[in-house]
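Enquirer: Residues per chain are reported as follows:
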Amino acid sequence: MNGRAAAGASEIPGVARLERSPFQGRALRSLVLTGGVWLAALIAGVPLVSVLYLLIVRGGSRLSLEALTALPPAGFEMGGGFGNAIAGTVVMVGIAGLISVPLGVVAAVFLAELSPLSRLSRAARFAAKTLTGLPSVLAGVFAYAVVVLTTGSYSAPAGGLALAVLMIPIVVLTAEEAIRAVPRITRDAAYGMGCTRTQVACKVLLPTALPGILTGVMLAVARAAGETAPLLFTALFSSYWLFDGGHPHLMQPTASLAVLIYNFSGMPFENQIELAWAASLVLVSMVLVINVVSRLIGRPRT
Amino acid sequence: MIELTGGSRAGSVSAPPTRWDYFADRAFRGAARGAAWLIVLLLAFLLYSIGAKAWVGMRTHGVGFLIGSTWDVGRQQFGILPHIWGTLYSSLLALTIGGFFGVVMAIFLTQDFLPPRLAQVFRVIVELLAAIPSVVYGLWGLFVVVPAMRPIADALHAHFGFIPLFGSTLSGPGMAPAALVLAIMILPTVAAVSQDALRLVPYKVKEAAYGLGTTRWEAILKVMLPAASTGIFGALVLGFGRALGETMALAMLIGNSNQISLSLFSPGNTLAALLALNFPEAGAREVQVLMFAALVLLSITLIVNVIGDLIMARSARRAGARA
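Chains A and B, in that order, are what the protein sequence lines are. Residue numbers for the first sequence follow my numbering, so the first one is 1 and each next one is one higher. Residue numbers for the second sequence follow my numbering, so the first one is 1001 and each next one is one higher.
Calculated directly from the structure, the hints in this document are not laboratory data. Any given hint could be a false lead.
Each computed EDC-like pair below joins lysine to aspartate or glutamate, with the alpha-carbon atoms no more than 20 Å apart [claimed, not checked]:
hint, chain 1, residue 1, chain 2, residue 2
1, A, K129, B, E1207
2, A, K129, A, E177
3, A, K203, B, D1025
4, A, K129, B, D1309
5, A, K203, B, D1021
6, B, K1222, B, E1207
Reference excerpt, derived from the structure (chain A facing chain B, CB under 7 Å, subset only) [what the hints assert, rightly or not]:
hint, residue
7, A27
8, V109
9, L120
10, A127
11, G133
12, A229
13, Q252
14, Y262
15, S285
16, V287
Part of the chain A face toward chain B, derived, beta carbon under 10 Å [unchecked claim]:
hint, residue
17, S50
18, I56
19, V141
20, P169
21, V172
22, C195
23, A201
24, L214
25, A222
26, T234
27, F243
Every residue, glycine too, gets a C-beta built ideally from N, C-alpha and C.
Let the hints inform the model, and build the full structure from the sequences given.
Expert: Put into C-alpha cells, the structure is as follows:
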C-alpha cells in the first residue's frame, strides 16, 4: 500500500515549484479526467430523467379516475383501467408483509441480541445474505412448486409467498443492524435493573430501533410492490375483482400492477399501451414515495 | 429518553420478574430461535423444492440438456445452451457498461468532487435508479431504447458488418438494448458497493498522497483505486450476480430467440427469461425441465454471489487490519 504510494510519488520529476500551471501535462490530465467524470455522471443521469419524463408525459395523459378504478379492457375495447391490479398488488404485498415482517423482526432479535455469535445465528445470517442475491424469478419458481402445484391453481397467496421470500432477507438484515445500533449502555442499564431478555428486547431494543426497522420494512415493501417475475406464474393475471359480491376470491388468479404493465406492453393496441404507461406511473410513484418516506424515517436524528 | 416499565409506577421497576415474566421470556426466546431456524430452513426448503422437482428432468435429459440448443415442446426436445450463453453474454455486456459507469459514479461521489450535501443528493438519486421496477425499465426500453438504437445499429451493420459484433441488423428487440437497460439496472449496485469500498480507505492515505505532490487524479488512480481494488472487484462480481438473475427487462427486450450469436443486434434468450415466459403455460413434462433450468440459474447466481460476498468480506477484513 505505502509502497505503491511511494512508487507513484517517485515519478514526480522534481519539486522546483509548489504551484502547478493548469496547462502542465499532469495538471491538464487531471483537469480532463475531472471533466470526463462530470460527463459520465451526467450520462448516467439521462436514463432516470428520460424514464421519469416519459412516465409523466405518456402516463400522466392517460391517468384518470376511470383508469384507477375500472377493470382492464379486453382486446379492442376502449377505456378501462387497472383498479383490480392496484387492489391485487396491495393484497399480495400485504400477505407478503404479514409473513415476512413478524418472522424477520423476531429472527433479527435473535441474531442481534439473544445469541449473536452462535452457529445458528451465523447460519441464519448466511441464509439471509444468500436469499438477498436470489434472482426474483426463482422465488416465483419456489412458490410455484410449493403452492401452485399443491393447490392446483394460481392464487394471491402463491404470489404473496413469492414476494415474502424476497422481503424476508431485507427485513432480517436491516432489522438486525438497527437493533445492533442501540447503544450498549442502554441495554446494560436495562439488564442492570433486572429486566428479562424478553423485556429488554420488547421494551428497550425494539422501540429504540423502530425507525431503522421501519426503514427496512418499507424498503422491502417497495421492492416487493415492483416485482413482476415472481408473480407471472404464481398469481398470473385476472381481469376481474379480487373481491366480488362481498366474497374474496383469494384462491384464484390475481391481477397486479407489475404483471399488467408487462402484459399490456406487448399488446398491439394503443389503448393498452397507454394504460401500461399510466400503470407504470402509479407503480413508480408508489415505490418512490415509499422509498423517500422510509429514508426520512430512518434518517439519523441530529 | 427510554421509558422502562411504565416509569410512573416506580415500585414496579425494581420488582423481581413474576412467573408470567419468566414464562414470557422463555416463550419469546423460543420463538426467536424458531424464527432464526425458519430463515435457515427457508433457504434449505427452497433449494430442496427446486432440486427435487428438477431431479426427474435431470434423470431424463442429463447433460444433453446443458449442451442442446433446441427448445421444442412438441418434440420433447429441450436444451438450454443458448439460454446459458445469452445469460452470460448479456450480463457481461451489461457489466462492462454498468460497471464502468458505476465505478466512475462511486469515484465522483466519494472523492470530493461535490460539496457533501450535493453528493448526498446524488447518492439518493443513484439509489432511486435502483428502486424503479424492472418491468418499467422494460417498457421504457421497448418504446425508447429500441427505436433510438435501431438507426445506429443498422448503420453500424451496414459499414462494419464484417465484425462479428455487428453481424446483423436490429429488427426490434435484441441483445444490445437488453444489455444497455441491464447496465442501467446494475449501475446502482456497483456504485453503492464501490462507494463503501472507497470509503473504507482511510483519509490519511489520500492526504499522504497529496502531501507527496500528486494531482487529484494521480491520488485517485494510483492510490485510492489500488487500495480499494478488492472491494471494487467485489462490487463488480455482485453486480454481475444481479445481472444474471434479472428477468423482466430481458424477457421484454432480448427477443426470445434460441440462438447463439456474437452479434450485439441479434435477438437471444436468457435462463431467467425462459422461466418467466414458459412457466405460465407449461405442461407437466415441461415443468420438470424448467425446474432443471431454474436449478442451473440458481447454481450460477449462488456461486457468483458467494464469491462476491467472500471478496467483500476479505476487503473489509483488510481495511480493519489497516485501520
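Enquirer: Quick check on A201/A please, does its C-beta sit within 10 Å of some C-beta on chain B?
Expert: Holds, about 7 Å.
Enquirer: Is K129/A within 20 Å of D1309/B, Cα to Cα?
Expert: holds (9 Å)
Enquirer: Mind checking the CB of Q252/A against every CB in chain B and telling me if the closest is under 7 Å?
Expert: violated (15 Å)
Enquirer: So, L214/A near chain B? Judge it on the closest CB pair being under 10 Å.
Expert: Violated. Min distance 17 Å.
Enquirer: Let's test the interface hint: is any C-beta of chain B closer than 10 Å to that of C195/A?
Expert: holds (7 Å)
Enquirer: Are the Cα positions of K203/A and D1021/B separated by 20 Å at most?
Expert: With Cα atoms ~13 Å apart, K203/A and D1021/B stay inside 20 Å; holds.
Enquirer: Measure nothing beyond the straight line between the CA atoms of K129/A and E177/A; if it is 20 Å or shorter, mark the hint as holding.
Expert: holds (13 Å)
Enquirer: Have a go at the F243/A hint: is there a Cβ in chain B nearer than 10 Å to its own Cβ?
Expert: violated (24 Å)
Enquirer: With a cut-off of 7 Å, does the beta carbon of A229/A approach a beta carbon of chain B closely enough for the hint to hold?
Expert: holds (4 Å)
Enquirer: Given Y262/A as an interface hint, is its Cβ closer than 7 Å to any Cβ of chain B?
Expert: Cβ of Y262/A sits 5 Å from chain B, so the hint holds.
Enquirer: Holds or violated: are the alpha carbons of K1222/B and E1207/B at most 20 Å from each other?
Expert: holds (13 Å)
Enquirer: If you take the shortest Cβ to Cβ gap from I56/A to chain B, is it below 10 Å?
Expert: violated (13 Å)
When the structure is compared with the earlier hints, violations turn up for hints 1, 13, 15, 18, 24 and 27 and for no others.
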